[in-house]
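K.L.:
Sequence:
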Amino acid sequence: MDKRETDGFGPEAGSDTSPPLDELLAEMGAEEPEGSFSSEKTGPFREPEAAQADSEPYIRFRMDGVHFAVPLGCALEVGRLPKVTPLPNLPGWVSGISNIRGDVVSMVDLKAFFGRGPSASPAGGSMVVLHAHHLKVGVRVDRLEGMVSLAEGAWKVSSNPFTRGDITPYLAGVAATGDSLLYLLDVKALLTSDRMNSFRKA
1 MDKRETDGFG
11 PEAGSDTSPP
21 LDELLAEMGA
31 EEPEGSFSSE
41 KTGPFREPEA
51 AQADSEPYIR
61 FRMDGVHFAV
71 PLGCALEVGR
81 LPKVTPLPNL
91 PGWVSGISNI
101 RGDVVSMVDL
111 KAFFGRGPSA
121 SPAGGSMVVL
131 HAHHLKVGVR
141 VDRLEGMVSL
151 AEGAWKVSSN
161 PFTRGDITPY
171 LAGVAATGDS
181 LLYLLDVKAL
191 LTSDRMNSFR
201 KA
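Under full-length UniProt numbering, the first residue of the sequence shown carries the number 1, and numbering increases by one thereafter.
These are calculated hints, taken from the structure and not from any lab test.
There could be a bad hint or two in this list.
[Stated by the list, open to error] What follows is a set of in silico ranges between Cβ atoms, one per label pair, in the way DEER data are often shown:
id, residue 1, residue 2, range
1, 193, 118, 14 to 24 Å
2, 83, 54, 38 to 48 Å
3, 176, 89, 12 to 22 Å
4, 189, 117, 16 to 26 Å
For every residue, glycine included, the Cβ atom is placed at its ideal position computed from N, Cα and C.
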């Protein structure tokens, strides 16, 4: 799912682009109001001011009422959901493909992938382009919530945050942040899972 390698997805889609990750994260507040995120924000990347030497940066987002995080190093792009070109004969959780900075990227509805039903509408929302082991997938999320820096020891063994749809195989831990729990996605487990790759073998 990399540059001009669509893994059987077909021709390049549209001309939608997304600014580089460092530009988008530069001005993201830790708790921006709903709808305030702008893909036009640019500037030099800087770590959160509260970051400490033994901590790691994570991108936070919300999906189906639950707060999630992914390591900054596993994210290539963040921003508003771009134009998605649907393709036939794919699972319902595969939205289609998007052209992101010249790369054809598969777009996955993370809520639907987790067995929580499809997102409310085909348009709107935000996306994070994840990568691991030469795989690249864009995942649709409800809302980007900025960055947080946490020490590795802050993450504890996680249980399933949902009563419907078991996502524990894709979780690496959970941490308490303020008055909420933050669930860490195991990006490698997610992108290399049989479920994620099943549509490419169909």
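K.L.:
So, for every hint listed, does it hold in this structure?
P.N.:
Tested hints:
{"no.": "1", "hint": "193 to 118: 14 to 24 Å", "verdict": "holds, 19 Å"}
{"no.": "2", "hint": "83 to 54: 38 to 48 Å", "verdict": "holds, 41 Å"}
{"no.": "3", "hint": "176 to 89: 12 to 22 Å", "verdict": "violated, 43 Å"}
{"no.": "4", "hint": "189 to 117: 16 to 26 Å", "verdict": "holds, 22 Å"}
Hint violations for this structure: number 3 only, all remaining hints satisfied.
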